[in-house]
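**Student:** If you read the sequences in order, they're chains G and C.
Plus 34 on top of the position in the first sequence (first one is 1) and you've got the working numbering.
Plus 14 on top of the position in the second sequence (first one is 1) and you've got the working numbering.
Any given hint could be a false lead.
Here are the simulated EDC-like cross-link-like pairs (lysine to aspartate or glutamate), alpha carbons at most 16 Å apart as the crow flies [claimed, not checked]:
{"hint": "1", "chain 1": "G", "residue 1": "Lys294", "chain 2": "C", "residue 2": "Glu150"}
{"hint": "2", "chain 1": "G", "residue 1": "Lys358", "chain 2": "C", "residue 2": "Glu110"}
{"hint": "3", "chain 1": "G", "residue 1": "Lys359", "chain 2": "C", "residue 2": "Glu72"}
{"hint": "4", "chain 1": "G", "residue 1": "Lys235", "chain 2": "G", "residue 2": "Asp127"}
{"hint": "5", "chain 1": "G", "residue 1": "Lys261", "chain 2": "C", "residue 2": "Glu214"}
{"hint": "6", "chain 1": "G", "residue 1": "Lys78", "chain 2": "G", "residue 2": "Glu159"}
{"hint": "7", "chain 1": "C", "residue 1": "Lys186", "chain 2": "C", "residue 2": "Glu63"}
{"hint": "8", "chain 1": "C", "residue 1": "Lys114", "chain 2": "C", "residue 2": "Asp164"}
{"hint": "9", "chain 1": "C", "residue 1": "Lys186", "chain 2": "C", "residue 2": "Glu150"}
{"hint": "10", "chain 1": "G", "residue 1": "Lys294", "chain 2": "C", "residue 2": "Asp164"}
{"hint": "11", "chain 1": "G", "residue 1": "Lys359", "chain 2": "G", "residue 2": "Asp301"}
{"hint": "12", "chain 1": "G", "residue 1": "Lys78", "chain 2": "C", "residue 2": "Glu150"}
{"hint": "13", "chain 1": "G", "residue 1": "Lys359", "chain 2": "G", "residue 2": "Asp127"}
{"hint": "14", "chain 1": "G", "residue 1": "Lys294", "chain 2": "C", "residue 2": "Glu214"}
{"hint": "15", "chain 1": "C", "residue 1": "Lys474", "chain 2": "C", "residue 2": "Glu371"}
Beta-carbon label-pair distances, calculated as ranges [what the hints assert, rightly or not]:
{"hint": "16", "chain 1": "C", "residue 1": "Ser337", "chain 2": "G", "residue 2": "Asp38", "range": "44 to 50 Å"}
{"hint": "17", "chain 1": "C", "residue 1": "Gly492", "chain 2": "G", "residue 2": "Asn459", "range": "20 to 26 Å"}
{"hint": "18", "chain 1": "G", "residue 1": "Ser363", "chain 2": "C", "residue 2": "Gly73", "range": "22 to 28 Å"}
{"hint": "19", "chain 1": "G", "residue 1": "Gly153", "chain 2": "C", "residue 2": "Thr471", "range": "35 to 41 Å"}
{"hint": "20", "chain 1": "C", "residue 1": "Asn218", "chain 2": "G", "residue 2": "Gln393", "range": "40 to 46 Å"}
{"hint": "21", "chain 1": "C", "residue 1": "Val340", "chain 2": "G", "residue 2": "Thr340", "range": "36 to 42 Å"}
{"hint": "22", "chain 1": "C", "residue 1": "Asp394", "chain 2": "G", "residue 2": "Gly222", "range": "51 to 57 Å"}
{"hint": "23", "chain 1": "C", "residue 1": "Ser399", "chain 2": "G", "residue 2": "Asn459", "range": "53 to 59 Å"}
{"hint": "24", "chain 1": "C", "residue 1": "Gly35", "chain 2": "G", "residue 2": "Ala43", "range": "26 to 32 Å"}
Hints are computed from structural coordinates only; laboratory data are not their basis.
Note that the Cβ used here is the ideal one computed from N, Cα and C, for glycine as well.
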Amino acid sequence: MALDRDLVAGLLDRARRLGAGDADVIAVDGTSFSARVRLGEVDKLEQSHERRLGLRVIIDHRTAVSSTADLSPPSLERLVDETCARARLTAADPLAGLPARGTGVVSIPDLDLCDTAYGEPPAEEKIRLALAAEASALACDPRITNSEGAEFDHGLTEIVYADTNGVVGGYRSSSFSLSVVAIASRDGAMQRDYWYSSRRKFRLLDPPEVIGKIAAQRALARLGARKIATQEAPVVFDPQMAARLIGTLAGAVSGYALYKGASFLADALGQAIASPLITIIDDGTIPMGLGSKPFDGEGLPTRRTTVVDRGVLTSYLLDTYSAKKLGLSATGNAARGVGDTPSVSPTNLYLAAGPSSPQEIIASVPRGLYVTDLIGFGVNTVTGDYSQGASGVWIENGELAYPVEEITIAGNLKDIFRQIDMVGNDLEFRTRIAAPTLKVASMTIAGT
Amino acid sequence: MENVVTERAIAPQSFFQTRFGLSARDLESVMARALERRIDYADIYFEYEVSEGLSLEEGIVKTASRDITQGVGVRAVAGEKTGYAYSNDITIPQLEVAAKTARSIAANSSRSASVPIPRARRPERDLYPVDQPVIEAPLQARIDLLQEIDRVARAYDPRITKVMAGLSCESKVVLIATSDGALVGDVRPLARLNVTCIAEEGGNRQVGSFGGGGRIGFPFFFEQDRWRAYVHEAARRAILNLSARPAPAGTMTVVLGPGWPGILLHEAIGHGLEADFNRKGISAFSTLLGQRVASELCTIVDDGTIPHRRGSLNVDDEGTPTSRTVLIENGILTGYLQDKLNARLMGVPLTGNGRRESFAHSPMPRMTNTFMLPGRSTRDEIIGSVSRGLYAVTFGGGQVDITSGKFVFSASEAYLIEDGRITHPVKGATLIGNGPDVLRRVSMVGNDLELDAGVGTCGKEGQSVPVGVGLPTLKIDGLTVGGTQG
Numbered sequence: 035m036a037l038d039r040d041l042v043a044g045l046l047d048r049a050r051r052l053g054a055g056d057a058d059v060i061a062v063d064g065t066s067f068s069a070r071v072r073l074g075e076v077d078k079l080e081q082s083h084e085r086r087l088g089l090r091v092i093i094d095h096r097t098a099v100s101s102t103a104d105l106s107p108p109s110l111e112r113l114v115d116e117t118c119a120r121a122r123l124t125a126a127d128p129l130a131g132l133p134a135r136g137t138g139v140v141s142i143p144d145l146d147l148c149d150t151a152y153g154e155p156p157a158e159e160k161i162r163l164a165l166a167a168e169a170s171a172l173a174c175d176p177r178i179t180n181s182e183g184a185e186f187d188h189g190l191t192e193i194v195y196a197d198t199n200g201v202v203g204g205y206r207s208s209s210f211s212l213s214v215v216a217i218a219s220r221d222g223a224m225q226r227d228y229w230y231s232s233r234r235k236f237r238l239l240d241p242p243e244v245i246g247k248i249a250a251q252r253a254l255a256r257l258g259a260r261k262i263a264t265q266e267a268p269v270v271f272d273p274q275m276a277a278r279l280i281g282t283l284a285g286a287v288s289g290y291a292l293y294k295g296a297s298f299l300a301d302a303l304g305q306a307i308a309s310p311l312i313t314i315i316d317d318g319t320i321p322m323g324l325g326s327k328p329f330d331g332e333g334l335p336t337r338r339t340t341v342v343d344r345g346v347l348t349s350y351l352l353d354t355y356s357a358k359k360l361g362l363s364a365t366g367n368a369a370r371g372v373g374d375t376p377s378v379s380p381t382n383l384y385l386a387a388g389p390s391s392p393q394e395i396i397a398s399v400p401r402g403l404y405v406t407d408l409i410g411f412g413v414n415t416v417t418g419d420y421s422q423g424a425s426g427v428w429i430e431n432g433e434l435a436y437p438v439e440e441i442t443i444a445g446n447l448k449d450i451f452r453q454i455d456m457v458g459n460d461l462e463f464r465t466r467i468a469a470p471t472l473k474v475a476s477m478t479i480a481g482t
Numbered sequence: 015m016e017n018v019v020t021e022r023a024i025a026p027q028s029f030f031q032t033r034f035g036l037s038a039r040d041l042e043s044v045m046a047r048a049l050e051r052r053i054d055y056a057d058i059y060f061e062y063e064v065s066e067g068l069s070l071e072e073g074i075v076k077t078a079s080r081d082i083t084q085g086v087g088v089r090a091v092a093g094e095k096t097g098y099a100y101s102n103d104i105t106i107p108q109l110e111v112a113a114k115t116a117r118s119i120a121a122n123s124s125r126s127a128s129v130p131i132p133r134a135r136r137p138e139r140d141l142y143p144v145d146q147p148v149i150e151a152p153l154q155a156r157i158d159l160l161q162e163i164d165r166v167a168r169a170y171d172p173r174i175t176k177v178m179a180g181l182s183c184e185s186k187v188v189l190i191a192t193s194d195g196a197l198v199g200d201v202r203p204l205a206r207l208n209v210t211c212i213a214e215e216g217g218n219r220q221v222g223s224f225g226g227g228g229r230i231g232f233p234f235f236f237e238q239d240r241w242r243a244y245v246h247e248a249a250r251r252a253i254l255n256l257s258a259r260p261a262p263a264g265t266m267t268v269v270l271g272p273g274w275p276g277i278l279l280h281e282a283i284g285h286g287l288e289a290d291f292n293r294k295g296i297s298a299f300s301t302l303l304g305q306r307v308a309s310e311l312c313t314i315v316d317d318g319t320i321p322h323r324r325g326s327l328n329v330d331d332e333g334t335p336t337s338r339t340v341l342i343e344n345g346i347l348t349g350y351l352q353d354k355l356n357a358r359l360m361g362v363p364l365t366g367n368g369r370r371e372s373f374a375h376s377p378m379p380r381m382t383n384t385f386m387l388p389g390r391s392t393r394d395e396i397i398g399s400v401s402r403g404l405y406a407v408t409f410g411g412g413q414v415d416i417t418s419g420k421f422v423f424s425a426s427e428a429y430l431i432e433d434g435r436i437t438h439p440v441k442g443a444t445l446i447g448n449g450p451d452v453l454r455r456v457s458m459v460g461n462d463l464e465l466d467a468g469v470g471t472c473g474k475e476g477q478s479v480p481v482g483v484g485l486p487t488l489k490i491d492g493l494t495v496g497g498t499q500g
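In isolation and in its complexed conformation, chain G is listed as follows (with noise of 0.2 Å):
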């Protein structure tokens, strides 16, 4: 255990001492190590270890909280005056405070998040791995010509948390990732592209020689890209852009979001909100999960939440203060960085899988957009408007048949979760949030 356990109950004795009815503690230790090569050669190697203490106070219904670095016992002593001199001048809340008593986590669940098998092994094996997929890529076509570079991270977490309610909770998590971004160049003009895996165990990381190599796919795939013509079309988005649109969704069913009315979702709750092909979980208790965690961030066990239950608005994501402030229960959804007052994320949010296969729901398109890139910031979650950058494949009589770039797609979040009428069954969670391929019956694309 990095974190002594007496020295936080000393830490919540203080404030109580001075006042705090509530008060909690979370403390985390991490260390990381990254290999990153780039043309054959080793590039740069990083290797850190941070440690950070959290307390929040509630002294009164005022609230304070403080985060250090700076773990020697005066000054986390100090930090504890400090915070509750502090939490007197904020303005009373009657809602602020912790988890009703009883409801906070009593058993760790063993979500098997930590890679004990891992071991320590040296750092030239881990540059190989980087090596490996990095060269995959390069020999995939000569028509790739340079690299961004291939990297290898792997990191092991631990968070320890404490409240005067007498909850208490820990636990070690790891994460390995391998990455490569694929330069692919043609004609004087270059397409750039990525791929990678994520996992919490290593053996489940995918071999390197198929990371590079669908790297390169993805790089020499955007070459020749062209622009079209502005027109209202069916828009497939692949698992990737899929998973975030429904992220966009993540972020309007916030409790936060909810009761400041900042969410188009605002009084949506048993409504129906999209298409009937569409049920959207999110679930913290999936073993190995990368969103997975045994409690959230007020330490209230996590658990299985259905969002969107074939296209009815079932639940809200709330933690203790935003479900208080909707008259609702908390899903255990609390987000919490170490410095900060709970807020509301996602822990694995997925849209289940439907009956079609990609290839059908490309061959049901006559003449369409697949997008397998989006960027920028073009989505409003207090209106629903949404408009992004997009790139992909232009689909002619069910086919795949050129690149498009220097394009966007826009919509209402409203109408297009109503207009997906196709759902893939190709699911795979490679991040938190995860969808497999959709198809929306139209939006407008602006082009030339």
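Following the hints, put chain C in place on chain G, whose structure we already have.
**Tutor:** Just chain C now, kept in the frame of chain G:
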């Protein structure tokens, strides 16, 4: 004790020596450890930062936060290779471990390109002297300001239903010891005040935001009633968007307003001119030095030396004094933004653009304050010359693909121009274009250069740094607008 950070009379060097018990001799020995192998360059970067935040919503300041960050990063460079190790444990044994880790890249070194690194001088200037750093202003005074903002926003218009405001501030002390013999420190204040309003009318709900700040003191927000101007601007935007119609879609003439729309230069041009991308040959601008990349009306500079600006620095995060770098002069590409690694490998002078988010990151070339110099046209002449187009006054965020040059940004306040006149507001417009292409299409440059109000944060490879942008009114012939109305 924490307030020692903002006492500018105390030099960063003695600050770190006193706080962590590190002598000059200790630094020399760590540096020697880092340099034991065939290393071209090494540096040690110390950082101590105190930051505070206040946020208001529903008419009250619900929470006050304070964060203390400390750490050290040791870097060793051999040829093109970088070794970096960091920790928030600032002790001699930890520094020795970090130095050994950083130099380990040299074991894998297959070539030796030992080029001397230009020596940085200690800057004699202070670009951000402040009488009362925001972080030293009484907490109650800061809370009172947010309460007053809430009152003024609600009084602006009964349709303003929600007000959110935030005041964040920090003071960062850095000390950089380099193997080329420099020991440079800096004390950097930074603050930002943001206001967001939500307006509602019938079932229509719209948002408007504004904010500003810089490396300034607390009185800055009260000079010229700045805080009130921020509130009015946020409220005005929210109300305006209630009557905005969906944006058009297609290619058309676009007029950018002055100030914050300079994010177009930042995304479309600036990132493509950072030296790392060009040295590696992966920028759309990689082969274009000395060539025409913009209309001759365009001259673009990056200037880290403007007093009190958010993107300004006395020295960059490698200890090099910042400077004013001309990137494009009358349409010709004249230079890149450099850090030490890339300047050495490319054999060119430093520009003072080696920046890092914190001790937990190694430096890379980054922008400071990037803007276009003013031209001759008035705003009215520019608008009057457009038969049908979009007038984009301000933007949300933007993003670029360095390699293909494609960029995107989203207008948060925009109008349709018809027959030389601004007609009605439009919402949801996204602009998409190509970096090397867009500035060739500039046909008029306004005489009204403005720098942004001081809220910009730029992200690159996972590192966020504060930046400034600026632009005069600019006319671009033929840019794709991504709205919903074909």
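**Student:** Against this structure, judge whether each hint is valid.
**Tutor:** Hints versus structure:
Annotation: proposed proximity of Lys294 (chain G) to Glu150 (chain C) is violated, straight-line Cα distance about 31 Å (limit 16 Å). For the given pair, Lys358 (chain G) sits about 51 Å from Glu110 (chain C) by alpha-carbon distance, which is inconsistent with the 16 Å threshold. Restraint check: the Cα-Cα separation between Lys359 (chain G) and Glu72 (chain C) comes to about 11 Å, which is no more than 16 Å; the hinted pair holds. Distance hint between Lys235 (chain G) and Asp127 (chain G) is unfulfilled; the C-alpha atoms sit about 43 Å from each other, more than 16 Å.
Only pairs whose Cα atoms come within 16 Å are accepted, and Lys261 (chain G) paired with Glu214 (chain C) is rejected, the gap being roughly 38 Å. Only pairs whose Cα atoms come within 16 Å are accepted, and Lys78 (chain G) paired with Glu159 (chain G) is accepted, the gap being roughly 15 Å. Between Lys186 (chain C) and Glu63 (chain C), the direct Cα distance comes to roughly 4 Å. Compliance with the 16 Å bound is thereby established for this hinted pair. With a CA separation close to 53 Å, the supplied pair Lys114 (chain C) and Asp164 (chain C) exceeds the 16 Å bound.
Of the supplied pair hints, the one linking Lys186 (chain C) and Glu150 (chain C) holds, its CA atoms being roughly 13 Å apart against a limit of 16 Å. Between Lys294 (chain G) and Asp164 (chain C) the CA atoms are separated by roughly 14 Å; this keeps the pair inside 16 Å, and the hint holds. The straight-line distance between the Cα atoms of Lys359 (chain G) and Asp301 (chain G) is roughly 13 Å, inside the 16 Å bound, and the hint therefore holds. Using a Cα cut-off of 16 Å, the hinted pair Lys78 (chain G) and Glu150 (chain C) is violated, with the two alpha carbons roughly 39 Å apart.
Distance check on the hinted pair: Lys359 (chain G) and Asp127 (chain G) sit about 11 Å apart at the alpha-carbon level, within 16 Å; holds. Of the pairs offered as hints, the one joining Lys294 (chain G) and Glu214 (chain C) holds, with about 12 Å between alpha carbons and a cut-off of 16 Å not exceeded. Taking the CA atoms of Lys474 (chain C) and Glu371 (chain C), the gap is near 10 Å; set against the 16 Å cutoff, the hint holds. In this structure, Ser337 (chain C) and Asp38 (chain G) meet the distance hint of 44 to 50 Å, their C-beta atoms being roughly 48 Å apart.
Distance hint check: the CB atoms of Gly492 (chain C) and Asn459 (chain G) are about 42 Å apart, inconsistent with the given range 20 to 26 Å. Between Ser363 (chain G) and Gly73 (chain C) the beta carbons are some 26 Å apart, a value that agrees with the proposed interval 22 to 28 Å. Range check, Gly153 (chain G) to Thr471 (chain C): about 39 Å between beta-carbon atoms, so the 35 to 41 Å window is met. Between Asn218 (chain C) and Gln393 (chain G), the C-beta spacing of about 42 Å keeps the proposed range 40 to 46 Å intact.
Here the CB-CB span from Val340 (chain C) to Thr340 (chain G) is close to 58 Å, at odds with the stated 36 to 42 Å. For the pair Asp394 (chain C) and Gly222 (chain G), the beta carbons lie near 41 Å from each other, so the given range of 51 to 57 Å is not met. Checked against the given bound of 53 to 59 Å, the beta carbons of Ser399 (chain C) and Asn459 (chain G), roughly 54 Å apart, stay inside it. A C-beta distance of roughly 30 Å is found between Gly35 (chain C) and Ala43 (chain G), which places it inside the suggested range of 26 to 32 Å.
Figure legend: structure checked against the earlier numbered hints; hints not met, in rising order: 1, 2, 4, 5, 8, 12, 17, 21 and 22.
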